[in-house]
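Chemist: Now for the letters of each chain:
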Amino acid sequence: GQQVMQIPQYQHVQEGEDFTTYCNSSTTLSNIQWYKQRPGGHPVFLIQLVKSGEVKKQKRLTFQFGEAKKNSSLHITATQTTDVGTYFCAGAGGRDDKIIFGKGTRLHILP
Amino acid sequence: GAVVSQHPSWVICKSGTSVKIECRSLDFQATTMFWYRQFPKQSLMLMATSNEGSKATYEQGVEKDKFLINHASLTLSTLTVTSAHPEDSSFYICSADGRESGNEQFFGPGTRLTVL
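Taken in sequence, the protein lines are chains U and Z.
The numbering used here puts the first residue of the first sequence at 1, with every later residue one more than the last.
The numbering used here puts the first residue of the second sequence at 112, with every later residue one more than the last.
Chain Z on its own, in the form it takes in the complex (with noise of 0.2 Å):
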């Protein structure tokens, strides 16, 4: 089945520094990724929609040049946090929408930034 990839699955950084985060789809091409970050314990909250080759479009109250999403290829989409500050510390989880697959929406594991 098609599989979607994190990398880091966790980090920790210092306060001021950037983190880049990847999300791979690695057997097939995504037309779009999402990505999302959630608090302990509530809900998932959409970030912004990434699609190939166009500049990512960005949910109400995101800053775009703060999150900066890339979608280089068919297979990977980046989110850099930049100017990290303590209160960016949280889940951030990517998922893909397969072009073939109608629309199947793939989740990756996550990745937890904890910015000191």
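Chain U on its own, in the form it takes in the complex (with noise of 0.2 Å):
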């Protein structure tokens, strides 16, 4: 079956540094969607891509589709402490637009 994979799992960055989460669907997506989950919360809806090599920016953050529109990856620029949380995607696909969750990426931000 369709499955969505993130890494890295973990990741320990230095304030100012750049950070970037990668995640590769099995099948083609139709769609592909971003969470960021902080300390205590719940995962908070960040972006849609949808076209085929899609780029997208937040301020800081770097949203991108790949062409095959199979994996997707989120580009943090000069990470701050606000950072801090974990990542995930989310891939729509398959016969009924599933939605599959990656695990997450737990962003660290050391000081």
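Just so you know, not all the hints are guaranteed correct.
[What the hints assert, rightly or not] Taking CB as the label site, the calculated pair distances span:
#1 Z/Leu227 with U/Tyr10: 27 to 33 Å
#2 Z/Gly127 with U/Gln14: 28 to 34 Å
#3 Z/Ser120 with U/Ser30: 32 to 38 Å
#4 Z/Thr128 with U/Arg95: 37 to 43 Å
#5 U/Arg60 with Z/Pro119: 37 to 43 Å
#6 U/Lys51 with Z/Ser165: 41 to 47 Å
#7 U/Arg38 with Z/Gln140: 19 to 25 Å
#8 U/Val84 with Z/Thr128: 27 to 33 Å
#9 U/Glu15 with Z/Lys125: 30 to 36 Å
#10 U/Glu15 with Z/Ser126: 50 to 56 Å
#11 U/Arg38 with Z/Glu174: 25 to 31 Å
By construction, these hints were calculated from the structure, which means they are not laboratory data.
Where is the CB? At the ideal position from N, CA and C, for every residue including glycine.
Each of the two chains sits in its own frame; use the hints to bring them together as a complex.
Modeler: Written out as structure tokens, the structure reads:
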């Protein structure tokens, strides 16, 4: 069945360094969504990518959707302490457009 | 790794009936479970936060008498859609917060509800 793999599982970066998390699907996706969960909170929707090769930016966050619509990445430039949390990708695909979550990447920022 | 299951994975029911969806944490204890619904091609919408042994906290706009949530044990939360109508047709997903996993979130596979 459809699988969504996300790497890395954990990432520690020095404040100011960049960070990237990658998401790969076993099947072609109709869209991919990214969520952020702050410590103690629940996942909050960040963005949805639909088009092949799409790139979207939100301030220091850059989201990409691969040409084959099977992979995606989230890149954070110059991390800040407020970026701490777990980032989830969720891919929608298959006959019923079922959404499947990756296991998330937990980001720790070292001061 | 931690696994969250949902049952059923899909259900079709007649308008006016009630449907119960189960969310189970299979190999860990979940102090908190979250229930979401998702319409096609849209983002997840948080419906409620369910804490074991206490009443669920519902998000604004979610009818608590229509979407009954019970979190009777550390491994099971249920969402009952009462008197379902076609507009309740959606994809319902739960996620579980591990007690000892530092708030790590594990998502269930979802339940697709179709109300005829």
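Chemist: Would you mind marking each hint as holding or not holding in the structure?
Modeler: Consistency of the hints with the structure:
no.	hint	result
1	Z/Leu227 with U/Tyr10: 27 to 33 Å	violated (45 Å)
2	Z/Gly127 with U/Gln14: 28 to 34 Å	violated (58 Å)
3	Z/Ser120 with U/Ser30: 32 to 38 Å	violated (19 Å)
4	Z/Thr128 with U/Arg95: 37 to 43 Å	violated (25 Å)
5	U/Arg60 with Z/Pro119: 37 to 43 Å	holds (42 Å)
6	U/Lys51 with Z/Ser165: 41 to 47 Å	holds (44 Å)
7	U/Arg38 with Z/Gln140: 19 to 25 Å	holds (22 Å)
8	U/Val84 with Z/Thr128: 27 to 33 Å	violated (44 Å)
9	U/Glu15 with Z/Lys125: 30 to 36 Å	violated (56 Å)
10	U/Glu15 with Z/Ser126: 50 to 56 Å	holds (54 Å)
11	U/Arg38 with Z/Glu174: 25 to 31 Å	holds (27 Å)
Of the hints listed earlier, those the structure fails to meet are numbers 1, 2, 3, 4, 8 and 9, in rising order.
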